[in-house]
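Student: As a plain string of letters, each chain reads:
Protein chains: 2
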Amino acid sequence: MRDVYQDQLTVLADALADMCQQTAVAMEHATHALLHGDLQLAEQVIADDARIDELRVAAEEKAFGLLVLQAPVATDLRVVISAIHGAGDIERMGDLALHVAQAARRRHPQLVLPDEVAPYFTEMGKIAVALAQKAAEVIRSRDVERAATLVADDDAMDDLHRHLFSVLMAPRWAHGVGPAVDITLLGRFYERYADHAVSVASHVVYVVTGRMPASLPV
Amino acid sequence: MRDVYQDQLTVLADALADMCQQTAVAMEHATHALLHGDLQLAEQVIADDARIDELRVAAEEKAFGLLVLQAPVATDLRVVISAIHGAGDIERMGDLALHVAQAARRRHPQLVLPDEVAPYFTEMGKIAVALAQKAAEVIRSRDVERAATLVADDDAMDDLHRHLFSVLMAPRWAHGVGPAVDITLLGRFYERYADHAVSVASHVVYVVTGRMPASLPV
Numbered sequence: 000m001r002d003v004y005q006d007q008l009t010v011l012a013d014a015l016a017d018m019c020q021q022t023a024v025a026m027e028h029a030t031h032a033l034l035h036g037d038l039q040l041a042e043q044v045i046a047d048d049a050r051i052d053e054l055r056v057a058a059e060e061k062a063f064g065l066l067v068l069q070a071p072v073a074t075d076l077r078v079v080i081s082a083i084h085g086a087g088d089i090e091r092m093g094d095l096a097l098h099v100a101q102a103a104r105r106r107h108p109q110l111v112l113p114d115e116v117a118p119y120f121t122e123m124g125k126i127a128v129a130l131a132q133k134a135a136e137v138i139r140s141r142d143v144e145r146a147a148t149l150v151a152d153d154d155a156m157d158d159l160h161r162h163l164f165s166v167l168m169a170p171r172w173a174h175g176v177g178p179a180v181d182i183t184l185l186g187r188f189y190e191r192y193a194d195h196a197v198s199v200a201s202h203v204v205y206v207v208t209g210r211m212p213a214s215l216p217v
Numbered sequence: 000m001r002d003v004y005q006d007q008l009t010v011l012a013d014a015l016a017d018m019c020q021q022t023a024v025a026m027e028h029a030t031h032a033l034l035h036g037d038l039q040l041a042e043q044v045i046a047d048d049a050r051i052d053e054l055r056v057a058a059e060e061k062a063f064g065l066l067v068l069q070a071p072v073a074t075d076l077r078v079v080i081s082a083i084h085g086a087g088d089i090e091r092m093g094d095l096a097l098h099v100a101q102a103a104r105r106r107h108p109q110l111v112l113p114d115e116v117a118p119y120f121t122e123m124g125k126i127a128v129a130l131a132q133k134a135a136e137v138i139r140s141r142d143v144e145r146a147a148t149l150v151a152d153d154d155a156m157d158d159l160h161r162h163l164f165s166v167l168m169a170p171r172w173a174h175g176v177g178p179a180v181d182i183t184l185l186g187r188f189y190e191r192y193a194d195h196a197v198s199v200a201s202h203v204v205y206v207v208t209g210r211m212p213a214s215l216p217v
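Line by line, the protein sequences are chains R and A.
The first sequence: position 55 = 54 (numbering that gives the first Met the number 0), numbered continuously.
The second sequence: position 63 = 62 (numbering that gives the first Met the number 0), numbered continuously.
Everything labelled a hint here was simulated from the structure, so no lab data went into it.
You may find that some hints are simply not true.
Which copy is meant is left open, because identical chains are indistinguishable; a pair holds if it fits in one copy or across any two.
As the list claims (entries may be wrong) - In silico SDA-like links for lysine to any residue, alpha-carbon gap of 25 Å or less:
no.	residue 1	residue 2
1	K61	V10
2	K125	L184
3	K125	A14
4	K61	V207
5	K125	H162
6	K125	S140
7	K61	Q132
8	K61	T208
9	K125	S165
10	K61	H84
11	K125	R77
12	K125	V56
13	K61	V166
14	K125	D158
My request is simple: use the sequences and hints to build the entire structure.
Tutor: Written as C-alpha cells, this is what we have:
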C-alpha cells in the first residue's frame, strides 16, 4: 500500500514538474514574440495556456485522490498540500507568460519595446525561463540547496526590474507615456513570474525541512 | 465527533472571514493614505500586514489539523482545501493593500496621484473594500447567489482600470512618465485585489456546488 502511495506522489511531482517546464516554454516563446513581434508564436502561447490550466486541474484532482484514499499525515500530507499550492503558482506563471504574449499581439505589427529596453527583457526572459526550469528540477529532486539558488536568480530579476524603471523615469526617455505603461506592466509580469517560481521551490523546501524559507517575495 | 468537526470548520471559516475583513480595512486605509498623503496611516497598514500573514499561517495550521485528525472526504475535504486556497488569496489581498500603502509612503510628502486620476482611485478603493467585505460574508454564509454579485463588482473594477489607462495615454496627459508608471502599478494592485476577492468567493461556490464558476479572472 505504501509503495503504491509513494508511486502516486512521484506521479504527482512529475505532473507538476512537467507543468512547470511548459510554463518555461511559454515564457521563452512569449519573450521571443515580444522581442521580435512574432504574432504566430504569441498566438501559440495564448492558445496553449488552456492546456496549462487543464494540467492544474488534473494535478489538483490527483492531490484530492491521494487525500481521500490515503489520508496522509505528517510529511506526506505536507507533500500533497504543497503540490496543491505549487499547482496554483505554476498556473499563475502560465497566466503571466500569456499576458506577455497578449501584449506582443496587442501592438502587432509594432514592437512593444523601444531598442534601449529590449535587452532588459532579453535578460529577464532568460532568468524567468531558468527559474521555471530550476523549479521543475527542484520538484523532482527535492534538492534544498538547489532550491536556495532560485533566490539569487530572483534577486537578479528584481535588480533588472529596478533598472528598467530608472530607464523609463530618466529625462532622456523619448518614447512617451504609452510605451512606458506597457513596459511597466510587462516588467511586473516577469517579476511576478519569478516570485511564483521561488514560491514553488520554497514549498519543496518546506516539505523537506518542515519550515518555509525565511522570506518569500511579496 | 462529527459535531466537533463541524464546529472546527465553522471556526476555520470565521478565521478566514475575519482575515478578509482585515484586508478590507487595510485597503480602505491604504486608499485613504494614497489619496490624502497620510503617512501615519500608510505606516500602520505596512506594520499591520505582518498580522495578516500570521493569520494565514494560523488558518493553514487549522486546516492541516482538520486533515490529520478528521481525514475528511467529499464536501468536507473540499471545504478544507478551499480554505487553504482562500487563505492564500486573502494574504495576497493584504500584500496588495501593503503595496498601495508603500507607494503612498514612497512619494510622501508629495501626493502620488494628480487630481484628474484621484477619483478613479476613490472609486476603485470603494469597490475593492466592498469586494473584500462581500467575500467575508460569502465565506460565513456560503451564499452562492451573493457570491455571483462579486463578478459584477469585478467587472466594474476592470472598467475603471481600462478608463484609467485611457486617461494616462491621452494626449492631454501633462504629468509625464513618472506618475504614469506609479499609477499603472497602482491600478494593477487594485485590479488584482479584486481578482483575489472573486477567487475567494469562487472557492465557496465550488464547495457548495462542486463546480468552480465558469471563468475566473486571470
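Student: Could you run down the list of hints and mark each one as holding or not?
Tutor: Against the structure, the hints:
1. K61 x V10: The answer is within: 9 Å in one copy meets 25 Å, while 28 Å across copies does not.
2. K125 x L184: both (18 Å within a copy, 23 Å between copies)
3. K125 x A14: Within one copy only: 23 Å inside a chain, 41 Å across chains, cut-off 25 Å.
4. K61 x V207: both (20 Å within a copy, 21 Å between copies)
5. K125 x H162: within (16 Å within a copy, 33 Å between copies)
6. K125 x S140: Answer is within; shortest intra-copy Cα gap is 22 Å, inter-copy 46 Å.
7. K61 x Q132: within (22 Å within a copy, 33 Å between copies)
8. K61 x T208: both (23 Å within a copy, 20 Å between copies)
9. K125 x S165: Result: close within a single copy only, 21 Å intra versus 32 Å inter.
10. K61 x H84: both (13 Å within a copy, 16 Å between copies)
11. K125 x R77: For K125 and R77, the Cα distance exceeds 25 Å both inside one copy (31 Å) and across copies (38 Å).
12. K125 x V56: neither (28 Å within a copy, 33 Å between copies)
13. K61 x V166: For K61 and V166, the Cα distance exceeds 25 Å both inside one copy (46 Å) and across copies (46 Å).
14. K125 x D158: For K125 and D158, only the intra-copy Cα distance (14 Å) is at most 25 Å; the inter-copy one is 34 Å.
Consistency with the previously given hints fails for numbers 11, 12 and 13, ordered from lowest to highest.
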